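Sequence order for the protein chains is E and U.
Take 3 as the starting number for the first sequence in the numbering used here and just add one per residue.
Take 84 as the starting number for the second sequence in the numbering used here and just add one per residue.
The set of hints was computed from the structure by calculation and includes no laboratory data.
Source: prediction; values computed, not measured.
Positions of the beta carbon are idealized from the N, C-alpha and C atoms, including for glycine.
Among these hints, one or two may not hold up.
To be verified - Coverage of chain E stretches by chain U, computed from C-beta distances (three or more under 8 Å per stretch; other residues unrestricted):
hint: 1; stretch: 6-13
hint: 2; stretch: 110-124
hint: 3; stretch: 131-144
hint: 4; stretch: 268-281
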Amino acid sequence: MSAQLWVSAVQIGCFFGLVALGYYLVLEGADFFNFALGPFAMFSGLTTSWLMAERGWPLGFAAVLGIAVAALLAVVTEVALVRPIDARSGGGELPSLIAVVAVLFAVEQLAGTLFGRHLMPGRSWLPDTSLDLGVATVDGQTLVLVAATLVTFTGVWLWMRKSRYGRILRAVGSNREAARTLGMPVGRVRLVAFALAGLVVGLAGNLFSAKAGVSFQSGFGWALSGFLAMVIGGTGSVWAPLAGGLLLALAQTLVPYYLGSASLDYAVLAVAILFFALRPSGLFVRRVRV
Amino acid sequence: MTAVSAHGETPHAGPAGRLRSAETARVLGTLALTLGVIAWAGGDLFRQDLAILGATYALLALGMYMPFNLAGVLSLAYSAYVAIGGYAVGLVATKTGWPLPLAFLLGAVASAALAVALGFATRRLSGFYLAAVTLLFGVAFQSFLLDAKGITGGALGIGSIRPLTLFGAELDRLSLIALALLTVWIVAVAMDRVRRSPFGVALQSSRDVPAAVEAAGVGVPALRLTVLGAGAAVASLGGALFTTANQTIGPDTFTLHLVTLAIFMPLLGGQGSAWGAVLGAVLVVQLTFNLQIFERAGSLIFGVAVLAVLVIAPRGILGYAGQAARWLHRRLARARGTAQGTGSGGTAR
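Excised from the complex, chain E in its bound form (with noise of 0.2 Å):
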C-alpha cells in the first residue's frame, strides 16, 4: 500500500471522528443519538460551499456561517422536537429516532430545495501549502482538517475536565437519575450537548467539503460512518471516537484497496455485527477501580 494512502486514511479518520465526537458529546449529556448530525455536517459544508460560489462571499464569513447554522440546527433539534417529543413519549427510544430520522430527512431536503441538488466541489482553504513527506505529499486541507481536529479534541477534552459544563455533562454521562437528584442542569446540560455537538461536526463537515466536496445527500453516509467509529471507538474516554475514526477509515481504505470496492460495504455491516456480537461497548471501556 501507498504511503499516499496512508494519508488519505487519516484525513477521512479525522473527519469521521470529529463525527462521532459529536455523537459523543450528545450521548453523554443526552444519552440519544443524534443521527442528524451527519446531516448537518453536510449542511455546514454546503452552506460555505454556496455562499463562496454563488454569492462570492470571502472564505472566513462562509465557514463561520456554516458551522453557526450546523449549531444552530443541532439546538432547534432539541428544543423544539427531541424535548418534546422525549417529554411525551416518557423517555420510550422509539418516537424520538422516528423524529430524528425526520430530522434527517428534511435537513436534507431542505439543503437540496436551498442549495441545489448537485455535487458542490470542494474548494481547498490552503490551496498552495503542501507538505512534502518524501514518500508522500499532504495538501493543505489535510493539514488543516488534521491540525483543527487535534486542536477540537484537545479543547473538548480540556472543556471536559475544567469547565463547569463539562464536567456537569461527564457527571450527567455516568450516571443521569444520581444528578438530577443532586440538583445538577440536567435539561440545560442537554442544550449544550446538543449544541457543541453541532458546532463540531459543522467544523468536520465545513474542512471536508473544502476537500472532497458535497451534495445535498453526503449527510447520510456521514451520519453513518460516524455512528460506526463511535461504535468501534467506544465512550470511554473522549479520544476513544478519535480512535474509532481512524480505524473505520483504515479499514476502509484498506479493504477496497486488497479486496474490491463492493467488499467495503460487506465489511462495514460484518463490522458493526461483530462489534455489537462481541465488544458492544467499543475498544475502549471506562474502567472503575475498586
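Since the structure of chain E is provided, determine the placement of chain U on it from the hints.
Showing chain U alone in chain E's frame:
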C-alpha cells in the same frame, strides 16, 4: 381501540353487533374506495403510474406495519426486501421459463428468509442500534446489486421483463393495477384484523411490556422474527408488482431513501390502524410526485409536514378523523337523548 367508522351507525343489538357492523362497513367502504381508485386510474398513463407507485409504497408501509408500528421493532432493511421482490420477477422472467406468479412467491420466501436471518443476527439490538445496523445491511445490499453483475445485471439492471400471465391470459396494464390495488386492500384488511387479534395484542404488548408477554408464555424473540419475516414478504410483493408493471428493474429503482418514506407513511396517516399506512402512502405519492406547483420542493414540504405531525399531531390523520367521528357520534346521541327526554322533539325513529 377500534376507530369507529362513520358508516357504522346502524342500530344492532348490543355493542358486539355495533362493532361487527362497523367492521363490515369499513371493509366494504375501503373496497369501494379501492375500486374507485382503479376506475380513476383508468386509461390515463400518468395516473396509472401514480396508482402503481402508491400501491408499492402502501405494500412497503404495510410490510413494516407489524414489526414497526405494532411490535416497535424498527428495522430499516426494507429497501432490500422490496428489491428482492423486484429482482425475483426480473430473474425468473429473463433466466427461466417459469410462470411469473412463481417469482412473486419465490421473492416473498427469499426476503422472508433473509429478514429472519438478519433479525436473528441483530436480535439483541433495539432502537438506534438496530436501526443503524439494518441500515448498513441496506447499504451493503445496494452495493451487492451493483457489484454482482452476473446475477443482477449490475448498474444496468434487468430489462425487457415479460408481462404477467394469469390463467393463460396476459394481463394488460390496467388489470395489473387493479390486481396491485386489490392486493393492497386485502393486505390492509388482513393487517387490521391481525392488529385486533390475540396475536396482535401480544405484539403490541411486546412493544410496551416485553417481560409481561414473556411471562405469559409467549416468546418475544420468536414473535419478532415472525413479524419481521411476514413483513418482508409483504414488502417484496410491492417490489414484484412494481417491477412487473414497469418491466424493468435496476439498483436505483428502490433506494435506501424509500425506507425513510416508509417510516413516515403510517405516521402521517395514523398508526392506530393499518389503513393509516395506506393513506400515508397516498399522501407521499401526492406530495413527492404529483404536486407540480411546488417543483422540487415537494419532498421538503413532505419532510416539514412529517415534523409538524410528529410534534403537534402524533396520532396522524386517521387518528384525528376517528376522534372527530366519535365526538360527532356522541353529540348526535346526546342531542337525540335530550330531544326524547323533553318529549318535545318529533325525531323520526
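**OP:** Hint by hint, work out which the structure violates, then give me just those numbers in ascending order.
**Re:** The structure breaks hints 1, 3; every other hint is satisfied.
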